[in-house]
Amino acid sequence: MAQFHMAVCLTVPMPETRAVNPQTHGRGRRRRIVLWSAAGLIGLILVAAVWIGVRGLLAKSALEAAVPLASTISGQIVDGNSDAAQDTFEQLSSHVSSAAGLTSDPVWRVAELVPMLGSNLTAVREAAAVVKDVTEDGIGPIVELTGNINVADFKPHNKAIALQPLIDARVPIATASASLRESAKDVHSIDTSATFSLVKNAVEQLQDVVTAAAGTADTIDRAVALLPGMLGAAGERNLLLMFQNPAELRAGGGLVGAFALLHAQDGRIELTQQATATDFPRFDAPVIELPVETQGLYGGVLTGTYVGNVTMTPQFALSGALTQEMWRQHFGVNIDGVLSLDPVALSYLLRATGPITLVTGDVLTSENAVQLLLTDVYARYSEPAQQDLFFAAAAASVFEAISSGNLDPTTLISALAQAGEERRLLLWSAHEQEQKRIAETTLAGNLPLSDAETQRFGVYLNDSTGSKMGPHLDTVIGVGAATCRQDGRPQYGVDITLTNTAPTDAATALPNSVTGPGTYGVAQGNIGVIASVYGPKGSDNLGVTRNGGEAVPHHSTTDSGYPVSATAFELVPGESVTVRANFLGPAPFDGQLAVEKTPEVSPNDIRRIAIACDSQYGG
255 MAQFHMAVCL
265 TVPMPETRAV
275 NPQTHGRGRR
285 RRIVLWSAAG
295 LIGLILVAAV
305 WIGVRGLLAK
315 SALEAAVPLA
325 STISGQIVDG
335 NSDAAQDTFE
345 QLSSHVSSAA
355 GLTSDPVWRV
365 AELVPMLGSN
375 LTAVREAAAV
385 VKDVTEDGIG
395 PIVELTGNIN
405 VADFKPHNKA
415 IALQPLIDAR
425 VPIATASASL
435 RESAKDVHSI
445 DTSATFSLVK
455 NAVEQLQDVV
465 TAAAGTADTI
475 DRAVALLPGM
485 LGAAGERNLL
495 LMFQNPAELR
505 AGGGLVGAFA
515 LLHAQDGRIE
525 LTQQATATDF
535 PRFDAPVIEL
545 PVETQGLYGG
555 VLTGTYVGNV
565 TMTPQFALSG
575 ALTQEMWRQH
585 FGVNIDGVLS
595 LDPVALSYLL
605 RATGPITLVT
615 GDVLTSENAV
625 QLLLTDVYAR
635 YSEPAQQDLF
645 FAAAAASVFE
655 AISSGNLDPT
665 TLISALAQAG
675 EERRLLLWSA
685 HEQEQKRIAE
695 TTLAGNLPLS
705 DAETQRFGVY
715 LNDSTGSKMG
725 PHLDTVIGVG
735 AATCRQDGRP
745 QYGVDITLTN
755 TAPTDAATAL
765 PNSVTGPGTY
775 GVAQGNIGVI
785 ASVYGPKGSD
795 NLGVTRNGGE
805 AVPHHSTTDS
815 GYPVSATAFE
825 LVPGESVTVR
835 ANFLGPAPFD
845 GQLAVEKTPE
855 VSPNDIRRIA
865 IACDSQYGG
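The numbering of the sequence shown is my numbering, which starts it at 255 and goes up by one.
Hints are computed from structural coordinates only; laboratory data are not their basis.
Treat the hints with care, since some could be wrong.
Unchecked claim - Mimicking DSS-like on lysine-lysine, the simulated pairs with C-alpha atoms at most 30 Å apart in a straight line are:
no., residue 1, residue 2
1, Lys439, Lys454
2, Lys413, Lys690
3, Lys690, Lys439
4, Lys791, Lys690
5, Lys439, Lys791
6, Lys409, Lys690
Make the full structure from the sequences, and use the hints.
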């Protein structure tokens, strides 16, 4: 028994007796909890990452699928194919709604709190929401509108435009325009300062697209609101067509040479009278009171007493009022509005009408209009009166084609839009409420207006030769900025390069009607021009320089709150000169720069130039 007991004792392990530390036991348990929690959290993060990644890819695919549909629906709307536009819109709406939904669920929103990654997710969500709003509230009303009217309804028939479709379009277009304005604000409020370049670039592209769409919608909205009244929906209207000739430059476009008086009532338009600048007298004094600044810059007698010079000022509202009063005093007819265009704009309109045969036998086309109206006519006719009559005949023929409906309406809209963007199509109304609507469009011919995104400058040219040498003047404009001061105010530079491209024997090779008589202080064959450069409101005028700092004589003044430098040039054939107008910005700014300019015979792009810090203007 003793042996058995001993054996049992040897084979059965005896329990270990040791003291248990409560703190050590707790730490181990907490460690296990932390490890399991960390593992769970990592798992959740991985699941969330996969969830977000998959949804992000699906959203990307949805938005990519929407892009061609947006282009397709635009063409269908213009073509008036309402059934197809509605089908395409439903597909488009489905894609953008999917993209917006995929990027706005709770997991996505929580992930936006993650450092570095979150700002990208927020930007993507906000961008998708903007696209959804643009589609549903911007495009949707227009698609619905195509079921009732289309572009062809705006085409004249028997010299009349149906006004009811315009009136019917007013509310849906206004709704779409208001929505796109809000979307433009929303897309520009997206913060991309801490996002990846891929996201930043995509948002910037979206900003450009939505801003352009909002601008187009706003223009259409204003046109639909304005046209019924201007076409006589509420009573008779007299609209004066004014033709500017950029062969002899004026700040607003060119020498005014020909006019056509249109009478409108209930949408029916008739050409009731034509006149040329030579039909008008030179008035003894300016026909209306001119601002003191206009008199100082452009000459009150020059601008306000001769109808050919009413566009020496770049402010078309003033040009319109001058023209209205001169017409009233000379012909005794009250004018309700003035519409100005030039031969380049006419060439754009000819894309819509096709070739037109003039009473002279000439066939006017979009390809030859500029050459015929701004060069050939001077070789053919030596007298200004004959030249003006030719312009008037050409304008009357184009009007006849347009008012008779012999055109492609879609091409016409495109032509008018291009002419408006280039300041070749300008409009002024004597009716206050209409003018307020016009004043915020490119058709107004206003001085450049800067905003939070863009600082705008103006470059306006007036011929001082008394000639038609404009086609031989080549102009290149550049703009740039540098921040050199401790207060962050930028230094701006606007470069103007002018070149006389006429042949060296221009004085004898070109007709006197082109070179001018040489009696205005500029030799025949030379080009005299005065360039007025406007800085942004609130900026300081730092003068005009060339060759890296050499001062250039100029007239420094202001116009309507804008600092202005006006510089006179005379260029012999083949000569080129470059000067820089300098300005000090009113406040720190790192946005876009733009220049609005006198529309010349040949349009030129605006270059971005490098500006070096100048100790003369630094601080």
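Against the structure, the hints:
Our distance criterion of 30 Å between C-alpha atoms is met by Lys439 and Lys454, whose separation comes to about 17 Å. For the hint pairing Lys413 with Lys690, the CA-to-CA distance comes to about 28 Å; that is within 30 Å, so the pair holds. Note on Lys690 and Lys439: the hinted pairing holds, with a Cα-Cα distance of about 22 Å set against a maximum of 30 Å. For the hint linking Lys791 to Lys690, the alpha-carbon distance of about 21 Å falls within 30 Å, and the restraint holds.
The hinted pair formed by Lys439 and Lys791 meets the criterion: a straight-line CA distance of about 23 Å does not exceed 30 Å. Between the alpha carbons of Lys409 and Lys690 the distance comes to roughly 26 Å, so the proposed pair stays at or under 30 Å and holds.
Figure legend: structure checked against the earlier numbered hints; every hint is met.
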